[in-house]
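Each residue of the sequence shown is one higher than the one before, counting from 1 in my numbering.
Check the hints yourself; a few may be wrong.
Stated by the list, open to error - No farther apart than 25 Å at their CA atoms in a straight line, the calculated lysine-lysine pairs in the PhoX-like style are these:
no. : residue 1 : residue 2
1   : 237       : 223
2   : 30        : 304
3   : 199       : 223
4   : 237       : 108
5   : 108       : 174
6   : 244       : 223
7   : 174       : 237
8   : 155       : 244
9   : 174       : 199
10  : 174       : 223
11  : 108       : 244
Said to hold, decoys possible - Have a look at the derived ranges for each label pair, beta carbon to beta carbon:
no. : residue 1 : residue 2 : range
12  : 187       : 213       : 20 to 28 Å
13  : 257       : 17        : 28 to 36 Å
14  : 205       : 46        : 15 to 23 Å
15  : 265       : 204       : 37 to 45 Å
16  : 44        : 17        : 41 to 49 Å
I should point out that these hints are in silico values taken from the structure, not numbers from a laboratory. Glycine residues also receive a C-beta, built at the ideal position from the N, C-alpha and C atoms.
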Amino acid sequence: MENQIISTYQAPFGFRSGHLQSIYPSLFRKFDTSFYQRERILTADDDFLDLDWSRVKSDRLVIISHGLEGSSHRPYIVGMVRKVNNAGWDALAWNFRSCSGEPNRQLKFYHSGATADLDLVVSHAAASGQYREIYLVGFSMGGNLTLVFLGQKSKTINAPVKKVVVFSVPCDLKSSSERLARISNVIYMRRFLNQLHGKIRIKMSQFPGQISDTNYEQINSFKAFDDRYTAPIHGFKDAEDYWKQCSSKQFIPQIRVPVLIVNAANDPFLAPECFPVAEADANPYVSLEIPASGGHVGFVSLNKDGEYWSEQRTIEFLSQS
Numbered sequence: 001m002e003n004q005i006i007s008t009y010q011a012p013f014g015f016r017s018g019h020l021q022s023i024y025p026s027l028f029r030k031f032d033t034s035f036y037q038r039e040r041i042l043t044a045d046d047d048f049l050d051l052d053w054s055r056v057k058s059d060r061l062v063i064i065s066h067g068l069e070g071s072s073h074r075p076y077i078v079g080m081v082r083k084v085n086n087a088g089w090d091a092l093a094w095n096f097r098s099c100s101g102e103p104n105r106q107l108k109f110y111h112s113g114a115t116a117d118l119d120l121v122v123s124h125a126a127a128s129g130q131y132r133e134i135y136l137v138g139f140s141m142g143g144n145l146t147l148v149f150l151g152q153k154s155k156t157i158n159a160p161v162k163k164v165v166v167f168s169v170p171c172d173l174k175s176s177s178e179r180l181a182r183i184s185n186v187i188y189m190r191r192f193l194n195q196l197h198g199k200i201r202i203k204m205s206q207f208p209g210q211i212s213d214t215n216y217e218q219i220n221s222f223k224a225f226d227d228r229y230t231a232p233i234h235g236f237k238d239a240e241d242y243w244k245q246c247s248s249k250q251f252i253p254q255i256r257v258p259v260l261i262v263n264a265a266n267d268p269f270l271a272p273e274c275f276p277v278a279e280a281d282a283n284p285y286v287s288l289e290i291p292a293s294g295g296h297v298g299f300v301s302l303n304k305d306g307e308y309w310s311e312q313r314t315i316e317f318l319s320q321s
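Could you put together the complete structure from these sequences and hints?
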């Protein structure tokens, strides 16, 4: 347990529930996002990625990746952007394909292992020549994507990526998908599936005859959704193949950049397999922090600054020499 950190996070009174911590920020944390400066970059397959910048004229940059059906406008992203700027660093919150408010051009959209898009974003930022140091922050699916990227590119990252922090990471996609299929998590599952249905309908109008939502109401789990859509659209055999190839846990041994993984013990999305204790212990570059509370992308703090513990913890880790 050498690389497992004793967490400093203490949930506010009344916020011990993982479900409350997971839901509260989405309902009650609001931000203005008019400060973003949007940039669109093109991909090699004739698609695009929308990047939302918040600059304070720094030579250090934090690139932030959101979660499933999230965007640069989600409260946990904007809160992190604000904290990063207050620390004196530039921030770049990028949107996965189809998540920026405008449908992407291709049939495929995004998934847990779509590292080519993150690679493009990081390379684009590095190519500006403005940044001597780049840091990565990821939440949930974005955290998994970030860890896969680091493992795959451990020796070939063409950018000055110095440190990484990820929160609420489903390091084992199969067990996380099974956990979300439980009755206790039906509110999350139904919300995700309803949002994804909207994406499928858009794809139907873009690509008539190539995709269908017939009997979509029978889909009640990620296994069913990934079997029918994610896997075939993105070149996987089925959901099991997708989960196996894109789970970040297997990539942790290859990581060669200092990384902090923060997964709350009461995260309703994460099964025991999503806590990579052995993997972190075997890799001196990887530290694992397991707060007793925090929920999924929660880590609520009630203070006059409006900052959440996850934001404070990120700057603390990234600032360590």
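| query | Can you give the numbers of the hints that this structure goes against, from lowest to highest? | reply | none
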